[in-house]
Amino acid sequence: MPELFFQEQDQRVSVEAGVTILQAARDAGIIIESPCDGVGTCGKCQVQLKDAAPGSWKCEEAHYQLPAELQEQGYVLACHTKVYGDLIVVAPNTAKQNKTLKILSEGESFQYEIKPWFQKVYAAPKGKTFVLAGGKKVGEEEGDTTKQFYGLAIDIGTTTLVTALIDMNTGEEIDSLSALNPQSLHAQDVITRIHMASKPEGLVLLYGAIRDEFNHTIQELCKRNSIESRYIYEVIYSGNTTMIHLACNVNPEPLGQFPYTAVIRGGNTVPADDLEISPYGDIYLPPIISAYVGPDITSGVLAAQLEKKKGTTLFIDIGTNGEMILAQDGKLAGTSTAAGPAFEGMNITCGMRAGNGALELYQIQPDGTPKTHVIGDVKASGICGSGLLDIIGELVRVGVIGKSGRLVKPDKGKYPDVLKAQMKEKDGKPVFYVAEEVYITQSDIRQVQLAKGAIRAGVEMLMSALGVEAEHVDCVEIAGSFGYHLRESSLIDQGMLPEAFRGKVKFVGNTSKSGAKAFLLNQEVRTYMENLVDEIKDVELSQDPKFQDVFVKALTF
Amino acid sequence: MAKSAAELNEALAEAVVDMDEGAVAELANEVVDQGYDALGAIDQGLAKGMDKAGKLFEEEEYFVPELLMCSDAVNTGIDILKPHIKMESAGEKHKIVVGVIEGDTHDIGKNLVKVMLSSANFDVVDAGRDVPPAKFVDLAVQEGAQIIMIAALMTTTMDKIGDTINLIKERGLEGKIKVVIGGAPISPAFAKKVGADAYSINANAAVRIARDMLGC
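As they're listed, the protein sequences go chains A and B. For what it's worth, our numbering labels the leading residue of the first sequence as 6, then goes sequentially. For what it's worth, our numbering labels the leading residue of the second sequence as 25, then goes sequentially.
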């Protein structure tokens with residue numbers, strides 16, 4: 006029997022004399038793009054034969070004519086070339102599948118081809134479907150299961166998990182589920198979680214909790230959409246570096262100690278043995294940029310196509326850690342700044358998560374009366390992070406909070422009387438009521454000052470690292486589901502962002518998820534991003550003696 | 025008519041609280057011109073003003089930027105007055121070692137404590153950040169400091185504070201070197217658990233604790 010050697014795939018296949026190269030490839034689970042299904046009209050299945058002996062192949066005439074110069078270089082159409090002797094075939098390692106280009110609807114994204122790491126090929130003669138990963142066969146399934154081909158893009162937030170179920174044939178997002186990160190019940194912020202997981206029993210608990218939640222989510226998504234979980238082949242974990250360690254059952258201890266190093270660098274796949282998906286499935290971890298600028302930001306850079314943007318763009322994910330990337334005509338620098346958990350409602354007297362009863366919007370109208378919105382349209386029982394920033398921004402704007410951060414007493418303030426009535430005393434200290442039983446204290450304002458000062462200092466240091474003036478920043482992209490609930494004015498009025506950014510702020514949504522989708526659906530972006538992260542300049546704030554001055558200056562409103 | 029020493033000292037204190045570096049410089053020069061006691065102007069003027077600023081900080085009236093501006097004013101005054109301190113009146117200053125624990129590089133809180141202690145006329149030995157337990161103890165012994173103040177800003181690093189205290193015990197220095205700790209994740213309960221001599225809730229409290237411990 007003639008033997009075919011597919012050079013790019015490093016695969017040898019024995020075939021019956023007289024079969025076409027395309028058929029031989031399909032039987033072996035190698036994908037050669039064949040949009041017209043071998044009819045010979047499209048010309049896309051061209052492959053190159055190397056040093057082919059005369060008589061080892063025969064080309065039948067097809068409707069599509071290969072250009073003469075290609076023929077001279079040994080190119081043939083795989084669908085119309087029959088094999089009679091040993092051949093070396095050079096076929097592109099990954100088929101270009103001209104499927105519909107996809108524009109993602111939520112979270113800024115870009116156009117990319119549907120070209121996943123995993124592929125499924127039905128080998129008709131055997132009645133089996135081959136499962137391929139990276140062009141190599143990793144398993145087979147009975148019958149034609151090519152239609153059932155799914156993947157998951159998971160944004161692993163410190164507080165919330167968002168899991169998108171994707172059809173890897175079409176690129177369509179079939180469904181998406183959000184859940185609380187169960188680890189937050191054991192340890193809320195990142196540092197506490199690192200501390201807990203540094204001990205073996207802590208890691209067992211935290212890993213077990215998130216694994217169970219993932220599997221529960223998978224079951225739920227499958228049930229809701231009537232699909233079988235064994236047809237899910239790949240999962241992308243996009244989250245901050247600590248969350249990725251914990252989701253991979255890796256002790257994150259070095260992340261919690263100077264010099265803050267990551268054990269997981271990303272840019273690789275790991276087995277998905279603990280997930281209830283296909284036995285052939287795996288998990289891809291996008292590359293990290295630095296210990297505190299994680300795969301979620303890599304996903305964001307990808308989704309926002311930062312390195313391709315003309316001009317200067319600042320990309321920020323506001324959270325416990327303010328992670329940010331500044332891009333100037335393809336040159337990228339990144340940093341992360343410890344904002345603390347104030348934005349999650351922690352350390353805030355009436356702070357709470359963004360759940361039912363949380364005041365999430367606060368706007369003072371021209372007549373001085375505040376317009377508010379409470380999640381779930383119930384009576385306000387607390388303030389969530391976005392509400393807090395809204396409140397502080399608005400109170401600074403109207404003068405209830407002075408430049409130094411002090412609450413201005415009614416007799417000294419020039420703000421509307423309606424608001425003066427909201428300033429009351431509690432335990433001998435002034436507090437400002439934003440709802441019947443919900444108020445902010447002077448120390449809450451101090452917490453916000455520290456948090457927003459950290460973000461602003463990060464922005465200033467990053468701009469200075471690239472020699473960029475605030476006036477020259479063309480666009481500011483705020484990512485993250487938290488950022489999505491913020492308003493430009495409240496960020497600028499309180500000085501978290503420079504005044505020069507007014508009118509330039511754009512909220513790009515969950516780019517951690519939309520970027521993860523791109524990683525799932527197009528394997529080429531993986532290598533691309535793995536190389537790109539090495540080019541991003543890492544601006545280390547804690548090592549810079551200027552940081553303290555910049556930070557202190559950024560504390561005032 | 026020229027102001028009395030007491031009046032000048034009071035004005036100095038007020039200028040510090042007002043964060044008015046210019047006024048402090050003017051008043052300090054006046055102290056020198058009049059030949060008043062420079063050390064007295066530091067103790068009764070500048071340091072008093074900083075005390076008041078620290079109190080306002082604890083009452084949440086002042087925040088980090090104000091405190092640092094007050095301290096800048098104090099330093100301006102000290103620079104002018106220091107050359108005029110009569111040697112015999114300058115007693116030995118008490119030394120205190122301050123630093124951020126090993127594994128931690130968040131040092132703004134530590135720097136604030138340093139500023140407050142310096143303004144209160146302590147001789148501060150700054151061990152820096154990411155300081156291993158042995159370095160704390162060695163420095164204290166070497167410098168003859170009776171107090172070590174340790175900050176930790178992350179739950180992942182605070183356990184090393186206990187190691188420092190154990191080391192002091194191992195070396196038989198218990199009671200001779202006292203340990204004061206503070207920082208966001210630190211609580212009085214934690215301080216008790218690891219055997220620290222005191223917990224300081226903020227930079228101003230650190231001054232009060234140091235004075236109590238040293239009886240000054």
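Calculated from the structure, these hints are not laboratory results. Be aware that one or more of the hints could be misleading.
Stated by the list, open to error - Stretch-level coverage of chain A by chain B, calculated; a stretch enters the list once three of its residues show a Cβ under 8 Å from a Cβ in chain B:
no.	stretch
1	140-148
2	393-403
To be verified - Listed next, the in silico DSSO-like pairs over lysine-lysine satisfying Cα-Cα at most 30 Å (straight line):
no.	chain 1	residue 1	chain 2	residue 2
3	A	558	B	217
4	A	408	B	72
5	A	417	B	159
6	A	49	A	63
7	A	417	B	72
8	B	193	A	551
9	B	76	A	429
10	B	159	A	551
11	B	72	A	434
12	A	408	B	76
For every residue, glycine included, the Cβ atom is placed at its ideal position computed from N, Cα and C.
Quick rundown of the hints versus the structure:
With 0 residues bearing a CB less than 8 Å from a CB of chain B, the stretch 140-148 of chain A misses the requirement of three and the coverage assertion fails. For a cut-off of 8 Å, the count of residues in the stretch 393-403 of chain A with a CB near a CB of chain B stands at 0, and the three-residue condition is violated. Of the pairs offered as hints, the one joining residue 558 of chain A and residue 217 of chain B is violated, with about 37 Å between alpha carbons and a cut-off of 30 Å exceeded. Pair hint residue 408 of chain A plus residue 72 of chain B holds up; C-alpha atoms about 26 Å apart against a cutoff of 30 Å.
About 51 Å separates the Cα atoms of residue 417 of chain A and residue 159 of chain B, which puts this hinted pair outside 30 Å; it is violated. With a C-alpha separation of about 18 Å, the suggested pairing of residue 49 of chain A with residue 63 of chain A holds against the 30 Å cut-off. Proximity of residue 417 of chain A to residue 72 of chain B is assessed by CA-CA distance (about 27 Å); at most 30 Å being required, the pair is judged to hold. Straight-line distance between C-alpha atoms of residue 193 of chain B and residue 551 of chain A comes to about 38 Å, which puts the hinted pair past the 30 Å bound.
About 26 Å separates the Cα atoms of residue 76 of chain B and residue 429 of chain A, which keeps this hinted pair within 30 Å; it holds. At most 30 Å may separate the alpha-carbon atoms for a hinted pair to count; residue 159 of chain B and residue 551 of chain A meet this at roughly 26 Å. Only pairs whose Cα atoms come within 30 Å are accepted, and residue 72 of chain B paired with residue 434 of chain A is accepted, the gap being roughly 25 Å. Proposed proximity of residue 408 of chain A and residue 76 of chain B is supported: the alpha carbons are some 21 Å apart, at most 30 Å.
The structure does not agree with the numbered hints 1, 2, 3, 5, 8 stated previously, though it agrees with the rest.
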